[in-house]
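No gaps in the numbering here: position 350 of the sequence shown is 350 in the UniProt record's numbering, and each next residue is one more.
In case anyone wonders, no lab produced these hints; they're calculated from the structure.
Heads up, some of the hints might be wrong.
[Said to hold, decoys possible] What follows is a list of derived Cβ distance ranges for each label pair:
1. 3 <-> 351: 30 to 40 Å
2. 14 <-> 151: 20 to 30 Å
3. 308 <-> 39: 23 to 33 Å
4. 308 <-> 57: 43 to 53 Å
5. 42 <-> 337: 39 to 49 Å
6. 270 <-> 59: 41 to 51 Å
7. 70 <-> 105: 21 to 31 Å
8. 336 <-> 280: 17 to 27 Å
9. 160 <-> 221: 11 to 21 Å
10. 59 <-> 3: 45 to 55 Å
11. 280 <-> 90: 34 to 44 Å
12. 57 <-> 94: 39 to 49 Å
[Said to hold, decoys possible] Restricting the straight-line Cα-Cα distance to at most 25 Å, the calculated cross-link-like pairs of lysine-lysine (DSS-like) are:
13. 37 <-> 58
14. 281 <-> 96
15. 278 <-> 315
16. 245 <-> 96
17. 315 <-> 281
Yeah, the Cβ is synthetic: ideal placement off N, Cα and C, and Gly gets one too.
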Amino acid sequence: MLDTISLPIQTMFAEVEQRSLDAEFDEAYPENGSFSKRRRNGQEYWYYNGYYRQAGAKYVTYVGPAREDAVTQRVERFHQIKSSFRERRRMVGALKAAGLPTPDPVVGEVVEALWRAGAFRLRCVLVGTVAFQTYAGLIGVLPPMPALMTTDIDVAQFHSISLLVEDSLPPVLDVLRSVESSFQEIPHQMDGRFATKYRARNIEVEFLTQSEPAQMPALGGAAAVRLRFLDYLLHNPVRSVLLHKAGIPVRVPAPERYALHKLIVATRRRTDNNGQAKRDKDIHQAGVLIEALTLGRRHHDLLDAWLEAWERGPKWQAALVHGRSMLLPEHQLMLRDAVRKAGRETGDRPENIGFTHQAENIPLDTLGESEADAVEGL
Numbered sequence: 001m002l003d004t005i006s007l008p009i010q011t012m013f014a015e016v017e018q019r020s021l022d023a024e025f026d027e028a029y030p031e032n033g034s035f036s037k038r039r040r041n042g043q044e045y046w047y048y049n050g051y052y053r054q055a056g057a058k059y060v061t062y063v064g065p066a067r068e069d070a071v072t073q074r075v076e077r078f079h080q081i082k083s084s085f086r087e088r089r090r091m092v093g094a095l096k097a098a099g100l101p102t103p104d105p106v107v108g109e110v111v112e113a114l115w116r117a118g119a120f121r122l123r124c125v126l127v128g129t130v131a132f133q134t135y136a137g138l139i140g141v142l143p144p145m146p147a148l149m150t151t152d153i154d155v156a157q158f159h160s161i162s163l164l165v166e167d168s169l170p171p172v173l174d175v176l177r178s179v180e181s182s183f184q185e186i187p188h189q190m191d192g193r194f195a196t197k198y199r200a201r202n203i204e205v206e207f208l209t210q211s212e213p214a215q216m217p218a219l220g221g222a223a224a225v226r227l228r229f230l231d232y233l234l235h236n237p238v239r240s241v242l243l244h245k246a247g248i249p250v251r252v253p254a255p256e257r258y259a260l261h262k263l264i265v266a267t268r269r270r271t272d273n274n275g276q277a278k279r280d281k282d283i284h285q286a287g288v289l290i291e292a293l294t295l296g297r298r299h300h301d302l303l304d305a306w307l308e309a310w311e312r313g314p315k316w317q318a319a320l321v322h323g324r325s326m327l328l329p330e331h332q333l334m335l336r337d338a339v340r341k342a343g344r345e346t347g348d349r350p351e352n353i354g355f356t357h358q359a360e361n362i363p364l365d366t367l368g369e370s371e372a373d374a375v376e377g378l
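Could you build all of it, start to finish, from the sequences and the hints given here?
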């Protein structure tokens, strides 16, 4: 069984998350500017209209979707927001002392540099194991250490959003080199015109999207490589905080989507030793989140995420069932029982969505050709 986190610690984590977001506004939007809405593709978005203090020139910066309450509330509280760096540092220290996960220091520095450059304001989402490290405070459990080890940073953004926001990071290589001067571009192996990875000694940053390798206008000269099922993973991401320094506000996938995405990704891994190690990590992380969500009585979240994936067709169904079969027996039972419990309240019958003995025998060739190259970076 996982160790649970006390309610006061969860409350403190939520407070650090709130204050970190407030600090982002305090730093990014000087008080001499103002906010306005723009409508694009039928949706409203907030933009900040600022003035350079020295030259007096105007500039416009993308803030976020008006439909996101957290964004709109901060716009409305703009002139009242003042964050205390020292107080946040103290709270982050208390959370670390309580055992909540922290990133490798260099990983923390790189994510902080991307945050300060505007990556999460521009609706990038942190995915992979660094995102997994932020879930403890959100879901109230402490994951085991083997699930947390990484020096790889994966950042995802929809190509359509990269086009839409009409804003950009500074040159991303400059941002990364501000932390570690040895960062180098790594051209995509299938198309050398695009740099989708950046590597320095023992750390790697990769940008991901839902399409084939493509230049991303909002990412400061970076391109992104395709990750299958990304639209599912990134639907309605949540806000969290990486416990580095005074807390770094980030956007991460909803934990139930992360868990089921890992089940699917595990079925696509290569069969060599490296692929097997990554598959084991996928299944371990998925199992931890399923157990945590079950302990937190979030069975409806698991059912909703399962239903959405299941309804996407036979290939998704085969991947879900095969991935589920790799879980530890206790985690398989937890997932089944969560779906059954939620289904009794919603009318969804588990046997209609893959929770039968027959479903365990779906042929693996239904999965189609190997797509291991599309998930190798996670």
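Hints, verified against the model:
Between residue 3 and residue 351, the C-beta spacing of about 34 Å keeps the proposed range 30 to 40 Å intact. Taking 20 to 30 Å as the suggested C-beta distance range, the pair residue 14 and residue 151 conforms, at roughly 28 Å. With their beta carbons about 28 Å apart, residue 308 and residue 39 fall inside the hinted range of 23 to 33 Å. At roughly 46 Å, the beta-carbon separation of residue 308 and residue 57 lies within the given 43 to 53 Å, and the hint holds.
The given range of 39 to 49 Å is respected by residue 42 and residue 337, whose C-beta atoms sit roughly 40 Å from each other. The hinted window of 41 to 51 Å between residue 270 and residue 59 holds, with their beta carbons roughly 46 Å apart. At about 28 Å, the beta-carbon gap between residue 70 and residue 105 stays in the expected band of 21 to 31 Å. For residue 336 and residue 280, the hinted distance range of 17 to 27 Å is satisfied, since their beta carbons lie about 22 Å from each other.
For the pair residue 160 and residue 221, the beta carbons lie near 19 Å from each other, so the given range of 11 to 21 Å is met. The supplied range of 45 to 55 Å is met by residue 59 and residue 3, whose beta-carbon atoms lie about 48 Å from each other. Roughly 37 Å separates the CB atoms of residue 280 and residue 90, a value that falls within the hinted 34 to 44 Å. A C-beta distance of roughly 43 Å is found between residue 57 and residue 94, which places it inside the suggested range of 39 to 49 Å.
With a CA separation close to 17 Å, the supplied pair residue 37 and residue 58 stays within the 25 Å bound. Taking the CA atoms of residue 281 and residue 96, the gap is about 23 Å. The hint holds against a cut of 25 Å. Note on residue 278 and residue 315: the hinted pairing holds, with a Cα-Cα distance of about 21 Å set against a maximum of 25 Å. Among the hinted pairs, residue 245 with residue 96 is consistent with the structure: their alpha-carbon atoms are about 11 Å apart, no more than 25 Å.
Restraint check for residue 315 and residue 281: satisfied, since their Cα atoms lie roughly 22 Å apart, inside the 25 Å limit.
Checked against the numbered hints above, the structure breaks none of them.
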